[in-house]
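Trainee: What follows is the residue order along each chain.
Number of protein chains: 2
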Amino acid sequence: MTTSKTPVSIDLLIKKIAEKRNPTVAGLDPALDLIPEFLKKNAYEKHGETLRGAAKAVLKFNKGLIDALYDIVPAVKPQSAFYEALGVEGIKALHRTCEYAKKRGMYVILDGKRGDIGTSASGYAAAYLSGVKAGETECVSFPVDALTVNAYLGSDGVTPFVEACEKHHKSIFVLVKTSNPSSGELQDRLVDGRPVYELMGEMCGEWGKKLFGKYGYSAVGAVVGATYPEQIKTLREMLPNTFFLIPGYGAQGASAADLTAAFDKNGLGGAVNSSRGIIAAYKKEGCDERDYAGAARREAVRMRDDITRRIICR
Amino acid sequence: MTTSKTPVSIDLLIKKIAEKRNPTVAGLDPALDLIPEFLKKNAYEKHGETLRGAAKAVLKFNKGLIDALYDIVPAVKPQSAFYEALGVEGIKALHRTCEYAKKRGMYVILDGKRGDIGTSASGYAAAYLSGVKAGETECVSFPVDALTVNAYLGSDGVTPFVEACEKHHKSIFVLVKTSNPSSGELQDRLVDGRPVYELMGEMCGEWGKKLFGKYGYSAVGAVVGATYPEQIKTLREMLPNTFFLIPGYGAQGASAADLTAAFDKNGLGGAVNSSRGIIAAYKKEGCDERDYAGAARREAVRMRDDITRRIICR
Numbered sequence: 001m002t003t004s005k006t007p008v009s010i011d012l013l014i015k016k017i018a019e020k021r022n023p024t025v026a027g028l029d030p031a032l033d034l035i036p037e038f039l040k041k042n043a044y045e046k047h048g049e050t051l052r053g054a055a056k057a058v059l060k061f062n063k064g065l066i067d068a069l070y071d072i073v074p075a076v077k078p079q080s081a082f083y084e085a086l087g088v089e090g091i092k093a094l095h096r097t098c099e100y101a102k103k104r105g106m107y108v109i110l111d112g113k114r115g116d117i118g119t120s121a122s123g124y125a126a127a128y129l130s131g132v133k134a135g136e137t138e139c140v141s142f143p144v145d146a147l148t149v150n151a152y153l154g155s156d157g158v159t160p161f162v163e164a165c166e167k168h169h170k171s172i173f174v175l176v177k178t179s180n181p182s183s184g185e186l187q188d189r190l191v192d193g194r195p196v197y198e199l200m201g202e203m204c205g206e207w208g209k210k211l212f213g214k215y216g217y218s219a220v221g222a223v224v225g226a227t228y229p230e231q232i233k234t235l236r237e238m239l240p241n242t243f244f245l246i247p248g249y250g251a252q253g254a255s256a257a258d259l260t261a262a263f264d265k266n267g268l269g270g271a272v273n274s275s276r277g278i279i280a281a282y283k284k285e286g287c288d289e290r291d292y293a294g295a296a297r298r299e300a301v302r303m304r305d306d307i308t309r310r311i312i313c314r
Numbered sequence: 315m316t317t318s319k320t321p322v323s324i325d326l327l328i329k330k331i332a333e334k335r336n337p338t339v340a341g342l343d344p345a346l347d348l349i350p351e352f353l354k355k356n357a358y359e360k361h362g363e364t365l366r367g368a369a370k371a372v373l374k375f376n377k378g379l380i381d382a383l384y385d386i387v388p389a390v391k392p393q394s395a396f397y398e399a400l401g402v403e404g405i406k407a408l409h410r411t412c413e414y415a416k417k418r419g420m421y422v423i424l425d426g427k428r429g430d431i432g433t434s435a436s437g438y439a440a441a442y443l444s445g446v447k448a449g450e451t452e453c454v455s456f457p458v459d460a461l462t463v464n465a466y467l468g469s470d471g472v473t474p475f476v477e478a479c480e481k482h483h484k485s486i487f488v489l490v491k492t493s494n495p496s497s498g499e500l501q502d503r504l505v506d507g508r509p510v511y512e513l514m515g516e517m518c519g520e521w522g523k524k525l526f527g528k529y530g531y532s533a534v535g536a537v538v539g540a541t542y543p544e545q546i547k548t549l550r551e552m553l554p555n556t557f558f559l560i561p562g563y564g565a566q567g568a569s570a571a572d573l574t575a576a577f578d579k580n581g582l583g584g585a586v587n588s589s590r591g592i593i594a595a596y597k598k599e600g601c602d603e604r605d606y607a608g609a610a611r612r613e614a615v616r617m618r619d620d621i622t623r624r625i626i627c628r
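Protein chains in written order, with the numbering used here: chain A, 1 to 314; chain U, 315 to 628.
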């Protein structure tokens, strides 16, 4: 395996969004209770009620979703937690999911929210952005295009990621204002009269200054929850060159109207994630669980149309 | 595999520290450039210059270190980044390292600095603290005793970890004041006249309130860098029932004198990590690299004696 030298950066994601006229990211968060029973039953019959069995069901589930979505949705965002939950076998399923999504032409954002002091951050950057050298051989550790990053530790914990983005044409998304109900406990507290998320947003803008792509957005993006529309607006004004990864649409409660402020006049500048809303659409729809991928596609179409009624991506 | 119901919590770590009269944690951070050449050469000859080859060298390195340390050092702290850097094969080596350290009677703290919104935090809690159910079978995903947690997302991202600690007798260490040079960029900023790390410390104390062990310390601990001795002192006064995981000794520059304030009158209340200082002691010592484990033990003895000149653990 050799590391890819193909330029990807944020431009590749934006290009895919513009081509598909769809700023949606499908979050691949395969909690076991979201996976159709028939997939689990088949996998457990073959591999036993083991982590391996569960991981095989996850991979099958994901491949079905990717096959149903790849021509209309530009990107997937696997949530690392749900793969780690299945141990080594789960990580194998994660690796193969990323590989499969890339083979299908999708942009892969690993949602790992990694962050550490400099030396360890270099390890994470190697894992997901730059690869490692085994002897004289360059190896790709995980085939992903972008990683989410937690910057509670400050600049020296972020710099290794930024350097890897530059050298290996990858992107990161730094947690600025997260979509969850408690995000304000720390992120909304005022520092010199301004909330912590603005301070983090400002640092995020600084880290990304050297890495602008051809659409005017940096390879250092920000995670900004759709559940906080006012904050999206403020952050967009503060950070005109920062691409936003926007969770919170659908199952978490945000609507298309909540996130329009993230987008520029060309309908670009953001990617909206829905996880459970898409991958477990079969439950909400009440269709036969064997049609889970069809239901995911129907929800992805509905979501695309819902968003692009307000935002025209071009 | 079934989940362990043995009570571990923070008491098990404290018991091991008291028994060995040594509050040291050996950080297993196997960056490839810290691994002796002969181990890499052997592994690459057998498995090729691949991620598998590199991961085999890591596992061999770690087993040698554990064999040399387990009778004098109570705990190991593998840094997840360096295993993730080697892809699926690295995660296998991580799993086997944790298993081997536990077999040798060591307390295993996975340094993953995980954190996410509630549903995803539950995935991480399953991975490292509670295990998962595959069908009707309880499975252990990674055999660890404790996990480091990043709480930038607030309470709903931490609660799943706390609940798993309670139910499965595990511990977490929440990042409060980290040891790196840039930690102050966010953590030292003032919120209502108090630095962010104090706010985080206070939340950490709240999260741990239900989980006190028999030594008076909670299963929800805090990461507090030895490189910031004044902050250790303040946090210890604020948080008399919070156990501190203390990185920064050795290679990062802190001395034994810097961390005495973390400990109570019985010499308990903290565990001091050294990673490169111990595992790459052979480089600093300049001995034959084949004696890397011997050098690690000599440094661990020196470190123990250096710290316990000031703190008597009993």
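No lab work stands behind these hints: they were computed from the structure.
Every value quoted in this text rests on a predicted model; they were computed, and no experiment measured them.
We put the CB at the ideal spot given by N, CA and C, even for glycine.
Any given hint could turn out to be false.
Cut-off 27 Å, straight-line C-alpha distance, at most; resulting in silico cross-link-like pairs (BS3-like, lysine-lysine) [what the hints assert, rightly or not]: (1) Lys377(U) to Lys133(A); (2) Lys283(A) to Lys447(U); (3) Lys447(U) to Lys133(A); (4) Lys355(U) to Lys63(A); (5) Lys355(U) to Lys133(A); (6) Lys360(U) to Lys133(A).
These stretches of chain A come out as covered by chain U in the derived footprint (C-beta under 8 Å, 3 or more residues) [unchecked claim]: (7) 129-143; (8) 147-157; (9) 173-179; (10) 183-191; (11) 291-301.
Trainee: Does each hint hold? Answer for all of them.
Mentor: Against the structure, the hints:
no.: 1; hint: Lys377(U) to Lys133(A); result: 22 Å, holds
no.: 2; hint: Lys283(A) to Lys447(U); result: 21 Å, holds
no.: 3; hint: Lys447(U) to Lys133(A); result: 37 Å, violated
no.: 4; hint: Lys355(U) to Lys63(A); result: 38 Å, violated
no.: 5; hint: Lys355(U) to Lys133(A); result: 14 Å, holds
no.: 6; hint: Lys360(U) to Lys133(A); result: 17 Å, holds
no.: 7; hint: 129-143; result: holds (count 10)
no.: 8; hint: 147-157; result: holds (count 8)
no.: 9; hint: 173-179; result: holds (count 3)
no.: 10; hint: 183-191; result: holds (count 8)
no.: 11; hint: 291-301; result: violated (count 0)
Hints 3, 4 and 11, counting from the list given before, are not met by this structure.
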